[in-house]
Amino acid sequence: MRIEPAVPAEILAAVRAPFAEMGASAIDPPIAQPLGLILDLSGEAMRERLILVQADGGGEAALRPDFTIPAARLHIESGRTGGRYFYEGKAFRAAPKGREAYEEFLQIGIEAFETGAAPEADAEIAALAWHAAAAGGRTDLTMELGDVGLFAAFVDTLKLADPLAARIKRSFSSPRRLWAMLAKAEEPVGSDAPRPAGDRLSSLLAGLPETEATAVLQDLWALAGIEPAGGRSAAEIVHRLAERSAVARAPQLTREQASLITRFLAISDAPTAALEAVARLAAPGGPKLAAALKGWERRLHVMIDEGAPAAAMRLSTAFGRDFGYYDGMLFEVRSAALGDHRPVAAGGRYDSLFSRLGASLARGAVGCMVRPGRAWREGAQ
Amino acid sequence: MTDPLILALPSKGRQKEQTEAWLADCGLPVRAVGGERGYAAKLDGLADIEVRLISAGEIAGALFAGEVHLGATGEDLLHELAHDLSDRVLLMQALGFGHADLVVAAPKSWIDVETMADVDEVAHLFLARTGRRLRVATKYLTQTRAFFARHGVTDYRIVESGGATEGAPAAGAAELITDITTTGATLSANGLKVLSDGLILSSQFQLAASLTADWNDVRRDAAGRLLRILEARARARRTATLTWPQSGDEAARAAVSELIAAGAKARPFGVLVENGAIFAATAALAEAGVGPVTVENPTYVFEPASEAMEGLARRLDRRN
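These protein sequences, in sequence, are chains A and B. To convert, note that position 23 of the first sequence is 57 in the numbering used here; the numbers rise steadily by one, no gaps. To convert, note that position 287 of the second sequence is 293 in the numbering used here; the numbers rise steadily by one, no gaps.
The reader is advised that the hints may include incorrect statements.
As the list claims (entries may be wrong) - Interface residues of chain B toward chain A, partial, derived using beta-carbon atoms under 8 angstroms:
| # | residue |
| --- | --- |
| 1 | Phe103 |
| 2 | Pro113 |
| 3 | Ile117 |
| 4 | His130 |
| 5 | Gly137 |
| 6 | Asp161 |
| 7 | Gly197 |
These are calculated hints, taken from the structure and not from any lab test. Source: prediction; values computed, not measured. Glycine included, C-beta positions come from ideal geometry on N, C-alpha and C.
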């Protein structure tokens with residue numbers, strides 16, 4: 035395992051200093067975390083980055099790849115409603131194939147679990163990440179900003195049929211699926227490939243009211259001697275068939291709409307210019323988008339107030355589309371010398387994490403981490 | 007023998023029988039050294055090759071690690087060791103047995119799921135509804151991960167399966183599986199269906215060479231002798247010799263001239279053709295009034311150069 039060299043104490047103190055003003059309590063979560071939980075939350079693509087450990091007869095565990103899930107688990111166990119947590123410790127990630135990287139490295143960060151005005155909290159955390167990252171002496175830093183929620187708000191302004199809008203929003207995290215849908219808008223009507231066998235049954239079921247179709251499907255399973263397996267109910271399957279058929283019958287995505295989506299996803303500019311571009315592209319009267327844009331105005335205002343330099347920021351609408359559990363604003367602080375795939379600091383909002391961890395309390399969650407070894411100007415990676 | 011070439015062959019079951027039958031057919035019967043239960047053997051007539059009998063899974067690992075020079079094992083087992091094999095193992099010859107397909111299978115009750123694109127969407131919906139990812143039970147982690155990535159499916163996770171993978175969905179341990187199947191009957195009996203685009207790998211036994219092993223000139227010579235025989239036998243099985251009477255030679259040569267231009271080899275009063283061209287040739291000869299024409303399969307067809315050995319030598323030289 036390649037271990038990151040120690041960062042000099044004065045650099046470490048400088049990176050740590052901005053965190054002291056956040057009013058967070060220090061935590062020291064377990065290094066070994068349940069593997070299943072991490073994979074459920076972060077996805078299979080994470081597996082090759084995990085370093086696994088297993089005691090004789092015990093369940094498989096992973097050395098913590100970051101502190102977000104460990105901190106959220108500690109918080110749930112504490113039973114508290116809100117809380118801000120500070121951590122400083124080693125995290126572990128296997129080097130990606132064909133790339134040299136430290137596999138054991140230091141992270142300093144904060145997780146804020148609280149309800150409240152999201153844009154202000156987002157901005158506070160992003161500005162904190164900026165200051166901590168810059169404390170290591172690098173002068174080539176930039177901040178990449180994104181917002182996972184902005185896409186859905188933009189799609190709403192296109193006034194598409196509900197099932198189609200839902201499918202497109204869902205595709206944000208899967209570029210391939212989205213491009214396939216956009217490409218279809220370019221094709222003349224009726225050029226669909228013939229549906230596979232068994233589709234007659236699907237269209238039949240899709241034509242019935244859903245409760246009736248559910249009963250028919252259950253009868254069919256019984257007739258065919260099929261034991262339903264795999265955690266999906268008849269109602270769920272029928273609902274998807276109905277939705278698919280509704281999408282097929284409803285007006286399709288027009289070329290103009292597809293082109294608007296493509297142009298939206300290409301926006302990457304200084305934040306104010308990027309937000310203006312989004313507003314120009316969208317038809318007026320999208321209340322969600324208007325609220326999202328207003329939120330961003332507020333966010334940027336607070337960030338700049340807190341000393342993050344506007345000139346170093348870039349907002350990209352497609353940034354973060356395939357990043358695990360973030361569901362709102364997200365950001366990375368990058369160094370030109372280190373390159374885009376070695377961010378000095380990163381963070382964002384992930385409000386849905388708690389419900390996914392099975393906690394009944396819905397809470398806001400936003401956090402960031404800094405890698406002192408990367409923030410340190412003389413550090414290699 | 008100080009520098010033996012090590013050839014690894016399966017040590018048990020049907021794989022052992024089929025591999026030994028293939029070698030015997032090539033004129034190289036495998037003789038166990040030190041009794042029937044021994045794990046070392048020799049090939050008749052090739053004294054400088056040491057045969058090691060180990061399991062097919064271990065053969066793949068040994069080729070990968072460079073512990074053996076040549077080995078016969080399943081393609082599926084080799085591909086499981088690394089996403090990209092090409093700098094460690096060279097596949098030399100498909101052996102025509104040990105066929106098995108690695109496939110993605112979903113519950114039959116999912117009548118709305120036929121393709122990987124459906125899996126992608128269902129996985130996303132499943133995650134949104136339950137907060138959990140669709141679980142895929144498998145013993146083939148590397149290939150499953152690569153295949154799902156190729157299809158852009160991200161909202162899933164793998165559950166490593168130790169034993170009967172096909173039972174995982176019914177047992178509630180997973181929603182989907184990927185597994186080896188030959189007829190699909192076991193999958194079907196467990197309420198599963200193969201996705202229409204769910205074929206990950208169509209596998210069979212392969213003779214493979216390790217590119218990480220220590221190859222000196224002595225071992226290369228030994229490998230060359232073995233490969234030439236295997237190749238000559240494989241070539242013989244693909245071809246047939248047509249022979250005609252001396253009296254019709256001129257007319258016969260004219261009748262098969264197109265075949266010769268296309269690669270068939272002229273013989274004295276005859277021609278060596280691919281099996282697929284036999285009847286085209288006999289028809290042309292009949293039309294030219296040549297007969298009787300006899301057709302025989304040769305036992306071996308040796309060429310001066312061994313393509314397999316030259317290919318291996320090129321890869322080994324590039325390595326240095």
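Hint check results:
For Phe103 of chain B, the interface hint is violated, the least distance from its beta-carbon to any beta-carbon of chain A being 32 angstroms, above 8 angstroms. A distance limit of 8 angstroms between C-beta atoms decides the matter here; for Pro113 of chain B the minimum to chain A is near 4 angstroms, and the interface restraint holds. Because the smallest distance between the Cβ of Ile117 of chain B and any Cβ of chain A comes to about 6 angstroms, under 8 angstroms, the interface hint for this residue holds. The beta carbon of His130 of chain B is positioned within 8 angstroms of a beta carbon in chain A (closest approach about 5 angstroms), and the interface hint is therefore held.
Given hint, Gly137 of chain B at the interface with chain A, holds; its Cβ is 4 angstroms from that chain's nearest Cβ, closer than 8 angstroms. For Asp161 of chain B, the interface hint holds, the least distance from its beta-carbon to any beta-carbon of chain A being 7 angstroms, beneath 8 angstroms. Hint on Gly197 of chain B holds. Least Cβ distance to chain A is approximately 5 angstroms, under the 8 angstroms limit.
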